[in-house]
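Please take these sequences and the hints and turn them into a complete structure.
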Amino acid sequence: MRAAHTPVQRPRGARLLVIEANGTLQHAPRQRLADFLHAGDVLVANDAATVPASLSGLHLRSALPIEVRLAGRRSLDADDVHEFIAIVFGAGDHRTPTEHRKPPPALRDGDALALGPLRAQVRHTLAHPRLIALHLDGTPDAIWAGIARHGKPVQYAHLPTPLALWDVWTSVAARPVAFEPPSAGFVLDWALLHTLRERGIDFATLTHAAGLSSTGDAALDARLPFDEPYHLPAATLDAIHAAHARGGRVVALGTTVTRALEHAASSGLKPGDGVADQRIGAHTRLRVVDAIISGTHEPGTSHRELLRAFASDALLSRADAELAERGYLTHEFGDSVLIAA
Amino acid sequence: MNTDTSALRVAVTGGTSGLGLALVRALHARGARVAFVARDAARVRRVATELSGTHGIAGDIANKDDTHRIAMQISAALGGLDVLVNNASSLGPVPLALLADTDCEDLEAALATNLVGPFRLTKALLGALGAAAREGRDARIVNITSDAAVSAYPQWGAYGASKAALAQLSHVWDEELREHGVRVMNFDPGDMDTPLHALALPDADPATLKRPADSARELLTLLELA
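Sequence lines, in order, name chains R and G.
Here the first sequence stands for residues 1 to 341, numbered as in the numbering used here.
Here the second sequence stands for residues 1001 to 1226, numbered as in the numbering used here.
Computed beta-carbon distance windows for the label pairs: (1) R:Lys-270 to G:Leu-1222: 31 to 41 Å; (2) R:Ala-164 to G:Asp-1193: 31 to 41 Å; (3) G:Ala-1042 to R:Thr-195: 41 to 51 Å; (4) R:Arg-10 to G:Asp-1065: 15 to 25 Å.
Hint data in this document are derived by calculation from the structure and do not stem from the laboratory.
Virtual Cβ for every residue (Gly too), placed ideally from N, Cα, C.
Below, the structure written as structure tokens:
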């Protein structure tokens, strides 16, 4: 598949491949998404806003440039913003594909970093020279202000122009807890929310700290996704139970929603905060999600692995062939698939 | 710090002077969780220090590049949002001028602060407000308007036109967002003794003007918070 290289969340020509449980494949304009949902279904989206997680600055001991990409946090608590997992790069910027980026300066425990207005320390590396535990100094408000002023959204080498924050916030973006956009949600606009309401399709949200989708390093990518905290509102749980009670489906908008809901389901499906630490793949028995709307993902990625919980490898292979043959676009601003389990 | 999750989460723009500051004080006194925005970082720090537990955010709502930075800090600090008060306002030309003597740039500045800025910030925070509504909370947007938006006062053209447009934005937005549980209302605080009023009419007798604290209390009554 080709990468979508225009940062438009809802391009007019966006396409949708609908993959039915009986093996039927149907191509449609993505604008018709609501036609493939049924009255009684509930569509669940991730309302995480995206943090400008890329912070460039200096490694003070060596005076060499460093780029820090915030990649993980223990909780969604607004005050819990001192400790992060981060991926680090050396000189250069996003115009170089991540797999060709220079390594960071040699890091020792306790090394200080100056990231624009922010001051940080390398607590320690996490069994990989590019992966660190990072401490940010300051009050929570000062840290948020520093990230807001100095941070840039994680950029992609396949896009010709740098992404602004508004390019990566979905229409329902709320608390800033995602490190890369929950991009399946780019399909949403308020006209679609109106249509869903008119047609008796419920809409609900959870908040899940979507992490980085790839790092450009095979050893690190094999560790993705990292643990991701999430918040499941009681109202969303009510909407899910109501949908199932009336014979409707729970349709997850994206892999992050699936991961959060299935994690919650594995511990009794209670509202509140959790940390999704499981991997979803071919052997996962889905407990709560009945269908997924997702971007198109290339085989081998963790997102593509997750889709194996929804359809057989044979069916996904047929779908992959169709996507390739019809020239579907992939990556954050690409086309979509809907898979009914 | 007030971390009561049932406490109302409110953001106020133009929160370091006039009505905005009075609102921040009144909301803080009533136990709401408050974030406020203003351009002058030193003044923001001063108010945030004085009113412990409030979250001061330095930024200019008229600047497109600041919009999402501000929205992000509001949602982060409050863990979401129930009420957005678009209060920050610009007079346009200072001293006030007849429309025929108003520079285009001054009209554009009034529109940027009074119309486009609130539009952008509201859009950037609609996700948070919609989430609050889905959780059964009252999600509201209050746009501060003026009788200059309704009556034709000579020399108040730039300000009045921008506020009239803001008021109409509120009406349409309220129609569109009602089904999602988000309400949008206008609030005209009246002629108050504020820095903005002093800029417009330096010779006015402050004793004839409303105290911002009284207008703030009226708004809290409207929001059923008094």
